[in-house]
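Q: Sequences listed follow chains H and P, in order.
Each residue of the first sequence is one higher than the one before, starting from 288 at the first, in this note's numbering.
Each residue of the second sequence is one higher than the one before, starting from 3 at the first, in this note's numbering.
Worth flagging that the hints you see were computed from the coordinates, not collected in a lab.
None of the values given here were measured: they were computed from a predicted structure.
One or more hints might be untrue.
[What the hints assert, rightly or not] Below, simulated DMTMM-like cross-link-like pairs (lysine to aspartate or glutamate); rule was C-alpha separation at most 25 angstroms, straight line:
#1 92(P) / 404(H)
#2 92(P) / 355(H)
#3 111(P) / 301(H)
#4 361(H) / 99(P)
#5 297(H) / 431(H)
#6 92(P) / 332(H)
#7 60(P) / 431(H)
#8 57(P) / 78(P)
#9 51(P) / 431(H)
#10 297(H) / 18(P)
[Claimed, not checked] Only part of the chain H face toward chain P is listed, based on derived beta-carbon distances under 7 angstroms:
#11 321
#12 322
#13 325
#14 428
Note that beta-carbon positions come from the ideal geometry of N, C-alpha and C, so glycine has one too.
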Amino acid sequence: MSTDKIIASKIIREFNAPRQLVFDAWTQTKHLKNWMFPMVGCKCEFVSANIIDGGTSLHKVTMPNGHEMWLYTKYEEVLSPEKLVFLQYFSNENGDIVSMDHIPNWPKDMLASLFFEEVSSNKTKLTFLWEPRNPTEEELKAFEATRSDHGNGWGAGMEQLHCYLESL
Amino acid sequence: MSRLKTTHDVFSAIGEPKRRLLIEQLVIKEMTVNELVDIFDWSQPTVSKHLGVLKKVKIVSERKEGRFRYYRIQPDELRPIQEWMHQFEKYWGSTMDQLDNYLNQIQVKGIDSEH
Numbered sequence: 288m289s290t291d292k293i294i295a296s297k298i299i300r301e302f303n304a305p306r307q308l309v310f311d312a313w314t315q316t317k318h319l320k321n322w323m324f325p326m327v328g329c330k331c332e333f334v335s336a337n338i339i340d341g342g343t344s345l346h347k348v349t350m351p352n353g354h355e356m357w358l359y360t361k362y363e364e365v366l367s368p369e370k371l372v373f374l375q376y377f378s379n380e381n382g383d384i385v386s387m388d389h390i391p392n393w394p395k396d397m398l399a400s401l402f403f404e405e406v407s408s409n410k411t412k413l414t415f416l417w418e419p420r421n422p423t424e425e426e427l428k429a430f431e432a433t434r435s436d437h438g439n440g441w442g443a444g445m446e447q448l449h450c451y452l453e454s455l
Numbered sequence: 003m004s005r006l007k008t009t010h011d012v013f014s015a016i017g018e019p020k021r022r023l024l025i026e027q028l029v030i031k032e033m034t035v036n037e038l039v040d041i042f043d044w045s046q047p048t049v050s051k052h053l054g055v056l057k058k059v060k061i062v063s064e065r066k067e068g069r070f071r072y073y074r075i076q077p078d079e080l081r082p083i084q085e086w087m088h089q090f091e092k093y094w095g096s097t098m099d100q101l102d103n104y105l106n107q108i109q110v111k112g113i114d115s116e117h
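Excised from the complex, chain H in its bound form (with noise of 0.2 angstroms):
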């Protein structure tokens, strides 16, 4: 295990609603079925769902192009309504995890804490912070080696890079 303080990546966002419903949306599958995908036309659908602490989940994304990702939930803490705790992982459909093997040093768990804090009573920060667990040296140095926020080089060429590795 590295002894390199690890700087979590992070995305800061406020939303228009109580910190109850925010906090509920993330951890209640009647509302997680709705939005949990990374664009409109996906479906999304729960297999299992505890989500309480020591918990886990298993849900499938259909990308719009048919493709099903499945990925598998593991809750290590569930505060009502300030604080989520998880490792997610793809997985196939028995919510076997799916090793990350051909991409190597990547971090084998990366774990997501989620903060909810009130701003007003129908306002909501919520900070997520994305980090390996307990990475060895080489996974650290990969996952720093991803980031744009964050070190030198990825900025502007990173997206160009994007797009032509989408292009082709």
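Let chain H serve as the given structure and place chain P on it in line with the hints.
A: Chain P alone, transformed into the frame defined by chain H:
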């Protein structure tokens, strides 16, 4: 910081700022060492050394034509890495756009009239 060498250390290869600049340049078009030397104003051994590392992890390939060697990006090698790089900001950023839309919707319409 000392660390173990691995034979296929792509992330360490792209973690070096100079190599990122080389990748970004080669994304535009294939180039010779001399062209890269001119663009970056680095010494020829510096450019060659970094290209050598990128070649070893197969992100860059080399083609000989006459006296010149041309270097180009290997998109198939870079693609999975690039997808992972985008995972957090793009995937979760976009997913939270969906959450934003959804929260606005249900507060206007109510969850039961959602479908």
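Q: Let me make sure I understand: some of the numbered hints might not hold for this structure. Which ones are they, in numerical order?
A: none
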